Every structure is written in C-alpha cells, then in structure tokens.
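Undergrad: Protein chains in written order, with our numbering: chain A, 1 to 370; chain B, 1001 to 1301.
Don't take each hint at face value.
The following residues of chain B were derived to be distant from chain A, with all beta-carbon distances above 10 Å [said to hold, decoys possible]: (1) 1076; (2) 1142; (3) 1193; (4) 1258.
A short list of chain A residues far from chain B (calculated; beta carbon distances all over 12 Å) [as the list claims (entries may be wrong)]: (5) 26; (6) 160; (7) 292.
A short, non-exhaustive set of chain A residues, derived as facing chain B with CB atoms under 8 Å [said to hold, decoys possible]: (8) 84; (9) 145; (10) 168; (11) 171; (12) 255; (13) 312; (14) 313.
No wet-lab data here; the hints were simulated from the structure. It should be emphasised that the depicted structure is a prediction, and the values quoted were computed from it without experimental measurement. Built from N, CA and C at the ideal position, the CB exists for glycine as well.
The residues making up each chain are set out below.
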Amino acid sequence: MAKLLTSIRNTLSRALAPLRATYESLPAPVRRWTMPGLLILFFVIALLSPSFLNLYWQQILIYVGINIILTVSLNLVNGYMGEFSVGHAGFMAVGAYVASILTVWVFPRWGLGEYVPYLFPVALIIGGLAAGLTGLVIAFPSFRTRGDYLAIVTLAWNMIVKSVLENIDAIGGPRGFMGMQKLTSVAWVYVWVVITIYLLRNLVYSNFGRGTLSIREDEIASSLVSVDTRKVKITVFVVAAFFAGIAGGLFAHIIQFINPRSFSILKSTDVLVMVYLGGIGSLGGSILGATVYTVLLESLRPLQVWRWVVGPLMLVLLMIFRPYGIMGMREWRFLVPLEERMETLTALRERVREKRQSVAAPSPVGGSSD
Amino acid sequence: MQTLIQQVLNALQLGSVYALIALGYTMVYGIITLINFAHGDIFMVSTYVAFFVGTALMSQLLHLPGVVVFVLTMLASMFATALLAVLIERFAYKPLRQAPRVSAVITALGVGLFLENFTLATIGPDPRFLPKFFPVQTFTVGGVAFSNVQIIIIAVSAVVMLLLDTIVRRTMVGMAMRAVSWDKFTAPLMGVPVDRIISITFAIGASIAAVGGTLFGMVYTVDPYMGIRIGWWAFISAVVGGIGNIRGAMIGGYILGFVEIFTPVILPASTYRDFVAFSLLLVLLIFRPYGILGRPVAQKV
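Isolated chain A (complex conformation):
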C-alpha cells in the first residue's frame, strides 16, 4: 500500500512538472497573485455551482468541506500538539445547537426573521465562539494530565455534551431540533474552508505554532525554553473547538435536523479517521484525508451496512501499514510560507556556503609572503 501511494505521488508530481515549470517562469507579480486569483475563481465557481450541479453533488461537496474544517482543526490538537482528543464532535454539537437556536428562535424573535440568510455567518461565529468557550473545559484538565488520561477527559466531555443535550427538553431532548433553513451552500462552505485553512496555516507557521510543535516533541523541554505551555494549550484547544463549532453550524444548516445522537463518539471517531488517514501534522494531509474518506464512504453507499465495516477496517490497516497516513508530517508546497519552503532554505544554505568559502579561501593573487 505504501508503495502504491508513493508511485501515485511520483506519477502525479511528474505529470505536474511542466505546469510547475510554467509557473516558475511567470513574472513575480503574476506569481504573487496566482493563489488569490485561483481562490477567487473557485469562489465564483462555488457560487455558480447550484446552476450546474445537482443537489446530490452539492451536498457531497458541502460534506467534504465540513469534514475538511473538522479534520484540519482536530489535526491542530492531535497532529501539531500531539495530544489525543477523542471528543471533537462535542464541540461540533455546541456550535450546531447554538447556531440553530439563533437562526430558528432568536433572530426571528428579534424581528430579524427576513434577514436570517444574511445573519447566518453571525450565527455561525457565535456558535463557534460558544464552542470555543467550552474548549476551555478540555484545556484546563490538560495542564495536569496528558496522553491517555486527557483522551479520557475529552471522551467524557463528548459524552457529557450528548447527555446534557438529551436532557434539555426545550431544545427537543433526544428527539432533536429542527426548523433550520437550508442556509449552507457550497459557496459558504468554501469560504469557511478557506478561512479555516488560511488562519490555521498562519497559526501553525507562527512563533506560536512552533510552541505547539515543541509541546508535541517534549513538553518539559519546551517549557524550559520558555514556551508558555499553558497559553499555547488554551489557545490550541479553543481555536480547534471554535472551528469545530463552525463546522457544526454549517452541518446543522444543511441537514436541517440535528439530534444529540448525530454528535456521538462515532462522529468523533470519523474525524479521527480522517485526520490519521490524511496524516498528522499536515494541513494538506487533512484536506486529502477528509476528501478521500468522505467520497469513499459515499461511493460505498451501495454496500449499505457493510460500508460501516469498511471504514474501521481501513483505519486499522492504515495504522498497521502506514501509521503516518497519506502525508504525515509533510506539506503541500503552496501551503508552506515562502520563507519556509525547501528551495528557499536550500538557496539560503547555498549563499551561506559561498560566503564562507569566499572568506576561508586565500586569494590566489595576494598570498602571504613571509
């Protein structure tokens, strides 16, 4: 399997080589605007997608997007910080319920009923903030416990959220909550995916992101080199929870019916599978993992119940034969900031070596003569 993946990657990179060469030969300003241009182009396509994609494909694209947001944000905790969080669906639930309550009850009650489609992002952000706040619940225990015990804490958190939601009768209890409009569109999901990846990329490559990585490698050592581990942990958990909440809000407004069971530990496991399938510590990996897993499960639909057997089996095989996922610890070039890229580093090293040589080598003309 590993060989297969490697050969696929090699073939791909060979096929893309001319494209890359063309890109390299473009003048700098054009290169500078390629990425934003492509993003805008894709946004326009996403905006127009309802006119040429049927509902089924739109829905699949939306699920892929939501899963990308979930996967990337969980990867921040599990991949970049090296903790093991098993309760991502708990945050998703908070975001989903808060956003739905806002769009179904609060906004109409304030006389804003007709503006709900425009207030959708506000509802999402408030949902995300609420989820982020609950991220603190996990962050504080994480100061004291690590590894397995923290995994248990996150798991307990997921179960508690589900149990609390089941017991609040006002929001439907175990029956669930409905009445949301179908506000999530491909364009909205696309925008949120881009925002999530952009922010998390900047976070990961910031000074702060280095702190996160150092906690993964060795928490004690990183606190010795004055990484404020508590601050880093709080921020990482809150940010991850925020984006999970956003994903929850988007999810609630496409499926238009949520109940506590949709956010059980099974959902969390799904996200885990996507993270580890794509590879830990890699944003590109998470995008791939979420896409591959969602599309794969969808294409296995004819197998009915058996497709739920395939998913876990895949996870087990993956862990045994390729524990770092499709692209664990590697990154797509365009996601790496320019200063961090391999070629920049190589060029830098080259320059340093040249300089050193020019200093070290005695000039052939004016040699010492004593």
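On the provided structure of chain A, position chain B as indicated by the hints.
TA: Just chain B, lined up with the frame of chain A:
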C-alpha cells in the same frame, strides 16, 4: 428501607457485570498501557456467542438440564471470546508495539467499530434474548424481593473475581504478568516470555468479559451496539478504580453500578445517568487523576 435494599441488590448485580468487564480494560492497560477500546465490543461478541450456543443447547433434542447448559454456554463463550481477543492482539495490536502509543489506541477504536458494524451487518440490529436456562424464582425475605438469577450473577462474579485475584497474586503466570506490567524491558531478561504473557492477559481479560456477557444476557437484551454503553461504563469503572489496578477495577465497577441505579432516585430521570457518570469521571480525574487505588506514575525527564 426495603426499596433501598432492593436497589442495593440491583446495583450489586449491575456493578458485578461492570466490574467483570472493567477487569479486562485494566489488565490490558496494566500490561501494555493500551486503552483497549475494543473490549466493550468483545463483551458484546461474547453475549452473541452465549446467545447462539445457549439457544442451540437448549433445543428440545438434547434434554440437558438448565444448569449444565448454563455452564457449557459460559465456557463456550469464554473460549470463543478469548480466542477472538488473542487474534485481535496478534493481528492488530502486536505490529504496533513499537509504534507511537496513539496508533495502538486508534487501532483499538477501529477494531471496536469493526466488531460492532460487522455484527450489525451479519446478524442484524434486532435485540435478542438469551434462552432461560432455569426458571426464574423470586424469593421474598423481610419484604425484599430478589430472584435466583440475581443471586447467581452476584455470586458467580464474586467467585470469578476472587479466582482472578488469586491467579494474579499466587501463580507463576500472575507473577509473570505483574513482572511485565512492572517493567517490560527487564522482564524478558529474567526469562519471562513477554509475548505469551500478553496473549494470556488478553485471553483472561476477554474470558472474564465473557462471564460478564453471559450473566448480562440472562437479564438484559443483546444487540450489536450494547458494547458501546456497557463498555464505556466499564471503562469508567476501570479509570475510577485506578486503571491498571485489578482491585481498583472491581471497586470501580460496583461504584458505577451504584451510580447507575441511584441516579434516578436522586435526579428526576434515568437519562441523567451518563451525565452523572462522566461528570464523576471528570471530577475524579481533576482531583485524583490516578483513580482510587492507582499509583501516580512519576514522569521521567
């Protein structure tokens, strides 16, 4: 007062099952520090084995007495489940012994989901009942009603737990298990066959879960997803008692049994039981992260 004693009996009955399953979690964790999330589903498989074997043996052709069927069913379930656990260990966990710890935990989650969904796909989602091995008799002593099944569950569990405690503390295998759990790098140097001891631990843990499964099936229904809830509760039991500690798991099991039975007495509805159990777990982890009987592990720098 009578209802109280009644509830205590119910709590002991349920707690026994939790304790039996919690033992499997705690033994495996003690020996290879792996949270074996598949254990709850191994328990589920054991009840299905008990269901099929029990139904087959109870058929009118054989005319076996109920007690014999009960014992045979339990033994068959123990054997099949132990075999399953050893196979899982051999093919899913052993290749990962050198990998990062998280990989093994994820694999365990995957194996658990696989067992659930495989059972769902092959056997179907309908709840099933184990056959009645013997007629249920209800005794009333001083206004407290209890059944023979209840007594059997509590007694068999107690015997099995005593037996396990003896095995771990008094036999060579038990000593080897404790040695591996104490220091898995030194134990092989002392001639302990680590791989075999790990397999034996999995087998023992699973067969104890099978005892719990057969007993559980005598009172409750069997369905593919039962392993999730019961498994999680047993897992909390193990953590509450101090994961890795065998006596802790037994105590934890009974505590969780009491939590489940007494939650509806104190709070308005039984639906709060998950909330209470997991909050208990969270609070405990914050104030006493190593459980009731667990020892804090010093982190080596």
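Undergrad: Any hints this thing doesn't respect? Which numbers, in order?
TA: Checked against the structure, the hints that fail are numbers 6, 10, 11, 12, while the rest are satisfied.
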